[in-house]
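There are 2 protein chains.
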Amino acid sequence: MTTTLDLPGRLMAAEIAEQPEVWRRLLTDGAAAIAAASAQIVDRAPRFVLFVARGTSDHAALYAKYLVEINHGLPAGLVSPSTMTVYGARPDLRDVLYIAVSQSGGSPDLVRSVEVARQQGALTLSITNNAESPLAAAADIHVDVLAGAERSVAATKSYTAELLALYLLLERVRGGDGAEAAALPDLGARVLESDDLVHGVAQRYRFAQRLITTGRGYSYPTAREAALKLMETSYLSAQAFSGADLLHGPLATVDPQVPVLAIVPEGAGGQAMAPVLSRLAERNADVFGVGSAALLENLAGGIALPGGVPDALSPLLEILPLQQLAMHLAIARGENPDKPRGLYKVTETL
Amino acid sequence: MTTTLDLPGRLMAAEIAEQPEVWRRLLTDGAAAIAAASAQIVDRAPRFVLFVARGTSDHAALYAKYLVEINHGLPAGLVSPSTMTVYGARPDLRDVLYIAVSQSGGSPDLVRSVEVARQQGALTLSITNNAESPLAAAADIHVDVLAGAERSVAATKSYTAELLALYLLLERVRGGDGAEAAALPDLGARVLESDDLVHGVAQRYRFAQRLITTGRGYSYPTAREAALKLMETSYLSAQAFSGADLLHGPLATVDPQVPVLAIVPEGAGGQAMAPVLSRLAERNADVFGVGSAALLENLAGGIALPGGVPDALSPLLEILPLQQLAMHLAIARGENPDKPRGLYKVTETL
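First to last, the sequence lines map onto chains A and B.
Numbered according to the working numbering, the first sequence spans residues 1 to 350.
Numbered according to the working numbering, the second sequence spans residues 1 to 350.
By construction, these hints were calculated from the structure, which means they are not laboratory data.
Don't take every hint at face value.
To be verified - Computed spacing ranges between beta-carbons, pair by pair: (1) GLU115(B) x ALA300(A): 35 to 43 Å; (2) VAL42(A) x ALA182(B): 46 to 54 Å; (3) PRO108(A) x GLU297(B): 48 to 56 Å; (4) GLU115(B) x PRO275(A): 16 to 24 Å; (5) GLU282(B) x GLY73(A): 45 to 53 Å; (6) PRO275(A) x PHE207(B): 28 to 36 Å; (7) PRO306(B) x ARG174(A): 48 to 56 Å; (8) LEU7(B) x ARG279(A): 44 to 52 Å.
Claimed, not checked - Stretch by stretch, here's where chain B covers chain A in the computed footprint (C-beta under 8 Å, at least three residues): (9) 42-53; (10) 74-82; (11) 229-238; (12) 249-258.
Positions of the beta carbon are idealized from the N, C-alpha and C atoms, including for glycine.
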C-alpha cells in the first residue's frame, strides 16, 4: 500500500515549498548572528577571500565569490581541499578570510582544511545548517543558515539559505543593511506558484538522456546547481557551462537532440547571454529559458521571473523552478528524488 | 578523391605526436625567457596568485593553481572574467600575480581583464602560443610556449606546452631548476607508443553517448581536459568530476551503461582515488584507468604510465593517451576531430 509517507518526492516538494519561510527566518532570527560575524570580519580587514565547499554548497560558494569580486573588489578563490588534505600544503593565509560552506558541516576534508587555515593565520568562518557540527566548531566564526532539518538527499532549502546568508553577511561587511533582500520571501512564494507550469515542462524532458545548462556571472552558479539537481534526482547527464566557456568547445556537443536550459535574468548576466543564445540558435538548439520575459521571446519556451530584482539576488529566485523541474522530472521517470540511488545525505570525503 | 590532406584527424594526430619535441624546445630555447620572467616575479614577491583562462587553457591554469597552493603555499584563485567585463568590477590587486593563459592570446575578455588587473596594481603575466598576440602585449611579462602553429581546432600540443611552461616558471620562482622535467620528452615519446592500444580502446566507446572522467589533485585538470577533448571531437556528453565531488551527487548518474575514465597516477592524487574506485565498484561502474599499473588491477582496463614521475609532472603524461582516445573515437564515429562542428579555432568572448 502506498501512503502519503511513501510518495516519491514528498520530502523534496515540502522542502522546496518551505524556502520563503526559511528566508524570512534568516532575515529576522538570523540577523544578529550575521551582524556579529560581519563585525569580526570588518575588524580583521581581510585582503583576500577563499572559499571551501563541495557539491551544492560549492555552488553557493561560487555565488559568493562573484559577490566578493564584484562588490568588495577583493581577489577571491575556491580552494581545492585536496591541496591540504592529500598533498599536505600549509599556505601562508595571513590577511585571508577563509569561508567554508556546508549543509551538514560534517565532511572531514572541509573540517581539516578549516583547521589548517586557522593555524596558517586565516580568519575562518563556517556557514552550515547545523550549529552542533564539527565544521561549526572548527571555525573562528559560525553562521547558522537556520533552514531546519533537511531530509531530502537532494539539497534545496539549504542551498538558497546559504545564498541568502552569504549575501546578507557580505552586504553587512561592506556597510549595507541588506534591505533589498526583504522582498525575497514574497517574490519566492510567487515564483513557486509556477509549479503546475513546471510540471508540464518536465514532461518535455521525459526521455532526454543529456542536457546542458548555461548562465553567466551570478547566474552561472544557478546553471551549476540546476545541473547537479538533475543529475542527482533524474540521473540525466546534465552539464553546466558558463555562457563564455560553452563557446570554447562544448558547443560542438549541442544539436537539436540536446536540450539547453539557459538562465537569462534581467540584469547584466542575462544581457551577456545574448551572443550565446545566437550561437545556440545557429546550432538549432532547443533552448528553454528561466529569467527575464524579454529574453525568453525567441526561445523554445521559458519561465518568466519577476522583474526589478537586483542582479545579486536573482539566483535565489532562478533556482526555484529548476528545483521543481528536477523533482517533477525524477517522478515522471519513475524515480524517487528523496532517495537517489548511490548517495547518502552526508558525504564524507578525505 | 580523398588525399592524405583530407584524412580526418590528420592535424590532430600530427600535433599529438609533436609534443615531446615541443617540450624539448621549451626546455632549451624557452629557458632564458622563463628565467627572466621568474626573476621579475620574485622581485615583486606576490602574496596571492590569480589565473584567468578559458577552455583548454583553463585546465592548464587549474593545474598551475594546484602548483601554487601546494608548492608555493600561496592562496590562489581562478578569476571569472565576467566580473570585470560584464559587471565592471575594479578589484584591489596589489600584491597579486595575475596570470592569463591562452593558446591564441586573442580572446577580448582575457585581454580586457589583464588590462584591468594591471591598472589595479597586479603584476600581470601572459602565457600564450603567440608572441604577437594582443594578450602578449597587454601583460607586463609574456612567456611564449613555443608550441608552433596549432591547426587542429582541438588543442593538444599547446595544452601540454602550457603545463610545462607553468611548471618551469613556478619551479624557478621557488628557486628550483626544473631538472626533473628533463626526462619528460623521452617519457612522453614512450607513452605515445600506446597509440595502437588506445585505438583498440576507442572502439569500446564507439556507441557511448555519455561518459564520466574523474581524478583528484593534480590529475583533476587531466580529467577536465580529457572530457573537453571528448566533447569537442566526438560530441560525447563527457563530464569531469574531482573524485571527491563525484561522491557528492553525480555518483547517482553512474550505472553500468555510463563508462568512467579514472586518472590514477602513482602519487598522492592516485592514492586518494582508492575510496572513489570502491564506491564506483559498488555501483558496478565500468571504470577504465590511466595511471599506475598497481591501481589499474581491479578495473575494466587501463593504460599504465611509466613509474617514478613526480606528482606535479604526471599530468603531462596522463593526458597523452586521452588525447589519442578522443581522436580515435571521433574517427571511429565518422567525425573529423580537426574541424569540430560549430567551433572556431579562436573563440572570442566578451
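Going through the hints against the structure:
{"no.": "1", "hint": "GLU115(B) x ALA300(A): 35 to 43 Å", "in the structure": "holds, 38 Å"}
{"no.": "2", "hint": "VAL42(A) x ALA182(B): 46 to 54 Å", "in the structure": "holds, 50 Å"}
{"no.": "3", "hint": "PRO108(A) x GLU297(B): 48 to 56 Å", "in the structure": "violated, 27 Å"}
{"no.": "4", "hint": "GLU115(B) x PRO275(A): 16 to 24 Å", "in the structure": "holds, 21 Å"}
{"no.": "5", "hint": "GLU282(B) x GLY73(A): 45 to 53 Å", "in the structure": "holds, 46 Å"}
{"no.": "6", "hint": "PRO275(A) x PHE207(B): 28 to 36 Å", "in the structure": "holds, 34 Å"}
{"no.": "7", "hint": "PRO306(B) x ARG174(A): 48 to 56 Å", "in the structure": "holds, 52 Å"}
{"no.": "8", "hint": "LEU7(B) x ARG279(A): 44 to 52 Å", "in the structure": "violated, 29 Å"}
{"no.": "9", "hint": "42-53", "in the structure": "holds (count 3)"}
{"no.": "10", "hint": "74-82", "in the structure": "holds (count 9)"}
{"no.": "11", "hint": "229-238", "in the structure": "holds (count 6)"}
{"no.": "12", "hint": "249-258", "in the structure": "holds (count 8)"}
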